[in-house]
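**Q** If you want the building blocks of each chain, they are given just below.
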Amino acid sequence: EAGVAQSPRYKIIEKRQSVAFWCNPISGHATLYWYQQILGQGPKLLIQFQNNGVVDDSQLPKDRFSAERLKGVDSTLKIQPAKLEDSAVYLCASSLLDYLNIQYFGAGTRLSVL
Amino acid sequence: GENVEQHPSTLSVQEGDSAVIKCTYSDSASNYFPWYKQELGKRPQLIIDIRSNVGEKKDQRIAVTLNKTAKHFSLHITETQPEDSAVYFCAASSPSGTYKYIFGTGTRLKVLA
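Those protein sequences? They're chains X and W, same order as listed.
Its first residue numbered -9, the first sequence is counted upward by one per residue in this note's numbering.
Its first residue numbered 169, the second sequence is counted upward by one per residue in this note's numbering.
Please keep in mind that the hints were generated in silico from the structure rather than gathered at the bench.
Some clues are possibly wrong.
[What the hints assert, rightly or not] On the chain X side, residues computed to face chain W include the following (Cβ under 8 Å): (1) 31; (2) 32; (3) 33; (4) 35; (5) 38; (6) 45; (7) 46; (8) 86; (9) 91; (10) 93; (11) 96; (12) 97; (13) 98.
All residues carry an ideal CB built from backbone N, CA and C; glycine is no exception.
Take these sequences, add in the hints, and give me the full structure.
**A** See below:
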């Protein structure tokens, strides 16, 4: 089966600019996650969707980060305006809405903010 | 809040030796513990997982053990090979609320040929 697709793979922007990332989950996966992975750290959950509704965005810096999952399939994560500390890999993951809840990850988008 | 501690942060072993990575979780309600392997520039991939109703699970050279009382679980890799070199992350998931994963900080394993 096809995996989680993310684009772009790399992005370099200057601070205060805006950036958007896109994720296409595995077909049929109702739950979608966005993680931030800073170099040398484990992934940190930013937001979790179930279908097109948000179930957890407690660690999303809402003053600058936003995410949507219209139609319950693809999702976009936006940062506006970016700060230096936003430099990280942004990982998208998806899972079936079942008791196993195994998460499958995309390859990520590496963001460098200069 | 919920937390997962992982040790060591780096681990070097000779090819053929065993490697052990340990994690401790804080949420006693956690009942699912996956381990992911992440090679440089690639996506995290699930290599093994364990649920709280078992104490040990093995898949070829990889095994995971769970001690619910101590809130501690470990990854064991035997007969290590150079291709085992990667960063390994543990995670804990709780059925309360959203089933989200809390990840450890990762262990960089180097297998020396």
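**Q** Where does the structure disagree with the numbered hints, that is, which hint numbers, in rising order?
**A** When the structure is compared with the hints, only number 8 turns out to be violated.
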